[in-house]
Amino acid sequence: MIKRYIFLALLAFGGKTFAQVPVMATARDSNMVKQLFFAGLRDKMTENYTAALTSFNKVIVADVNNDAAYFELANANLRLERLSEAESNIRQAIKLKPNNKWYLRLLAEVDKRTNKMPELIEVFNQLIRIDPDNDAYYFDKANAQFLSNQTEAAHQTYDEILSKFGESNELLAAKRRLQGNKGATESDIVKLLEGNQADIKNYLYAAGLLLQKGNDTEALKVLLKAQQVAPDHFEVNLGLADIYRKQKNGGLAFTSLRLAFESAKMPLNEKIKIIAALFPKLREPVVAENVTLLSKLLAEKNNTDAKVLALYGDVLYQQNKLNEALVQYQAALKLNDQIYAVWEQIVNIQALLGHYADAVKAGDEALTIYPNQASLYYYTAYALFKTGKLDQAQSNLKTALQLEVDNKSLQAQVFALQGDIYINQNNFTLAKTAFEKAIEIEPDNYFIMNNYAYYLALKNDDLVKAAQYSETAANAMPDNSSITDTYAYILFKQHKYDLAKVWIEKALQNNTNKNSVYLEHYGDILFMKGDKEAALKQWQKAKEAGNISNVLNKKINEKKYFK
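Take 632 as the starting number for the sequence shown in the working numbering and just add one per residue.
To be clear, the hints were calculated from the coordinates, so they are not data collected in a lab. Since no wrong hints were added, every one of them can be taken at face value.
Lysine-lysine pairs mimicking PhoX-like chemistry, simulated, CA-CA at most 20 Å apart: (1) LYS938 with LYS952; (2) LYS1194 with LYS1090; (3) LYS1124 with LYS1137; (4) LYS747 with LYS732.
Just the calculated beta-carbon pair ranges, DEER-fashion: (5) ALA767 with ALA861: 15 to 25 Å; (6) GLU750 with GLU893: 32 to 42 Å; (7) ASN1003 with GLN878: 46 to 56 Å; (8) LYS832 with ASN1003: 44 to 54 Å.
These numbers come from a predicted model, not from an experiment. Every residue, glycine too, gets a C-beta built ideally from N, C-alpha and C.
All chains should be built: construct the whole structure from the sequences, respecting the hints.
What follows is the structure in structure tokens.
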């Protein structure tokens, strides 16, 4: 019976999560459709709605009767404020499955946003037909009738509520508003609480009305009273968290949120949605710390749910806690090996950690289940490359290119990796062709551009082009020490020592990883500028930082530059 006013900001109507959408049933038996659907859900959870649209549209192409995909398309379009498309999508979902209350609730949200009150009334009629014991639908219907100036119809609906559910403070307040043709006042809300101070539903309703009126201060007072009555009530704590968030009091907001999460009565899907909604803010330290605690709490209490463990893995991965994330993904995989995104993350993380043999093994195993995933071929190819299996890596990359025709970023990465492999195979001509294709496909990928420029410089092959690419990358990412070092190195090779010094100093300013090669390059530049004493100091610093190359030792011992 509790209305849903209080925690709208945290739990914006965004549709259903992994556990709610019957993916296996709606996606038929096609692995491709399942994979696309999960890819779309993954993008949705990270609020990448444009990418989600691409995946769900592919599902529709493959399975025109996939009602869940239409529902997710509507969800994504609604988030992108594409209301007309959202309405078209959700109506198609309802046409395919007319008795799904989640679909009808999303249509209600669209009708509210587009101010289609008569249509909204009909949606609530359908919801009442499906779930006649949910009083919220009757109240929402009456409210829509009231906003449509259908006063008599609203009276009849309230009479129906009285007959079916009995008298309540909420009903009395609604009738009072209808009779006075005005919104509830603070005095109305006080009256609602009189005589029934211990009824938590009245507190929640009163706070909801105050929030609707924009009176957050009074709503907070009501909720704090409610918390004294029921300190463990998750809806009360969610309401407090929402108000504290709006007041920019992150500490109290997350304290309230943790109290809500600790309640076994709070639905798991709501907890998942809240964590997913906070993903874009994980770079904020306070958010990262608290979301990690919340997702850990969720994982500990639901350690047999693969989705929850994978979600905790996602939170850790977003913070670059790769080893910890890997543990969660592997635990999720033991429970359910049919979640593609988990396989991809495991292979990716193992490669990032340098566990290349493990990455190859996991990649090969995943490909037996998902043989049509281009990304999986790419990640496995990278691990194969790192283990020296160059021909197998090239074979995987060719398959990836055959499978992937839409993802330009992935295509560029594939060609760039081909270039790296050709370099290792001493085929510089084919390497150049591969890198040029990568840059043509994704001209703003400055990492690929930087790597190609560095290879050109090492080979003394077209330093003019190398400088052009490197300059573009360095100007786009002046705080990236690797990229600015490359540009300084190319300028050095062009004998432009003054400009090279400017860029190598930028690299050293951002040299958080203490890369000794940058120090050696700095010494080389200083030597060519005639400052031999300063050059020697930098070479010595490079050696102290771990650079043990024979050429560097020769520079130090003979106090002069050697190639």
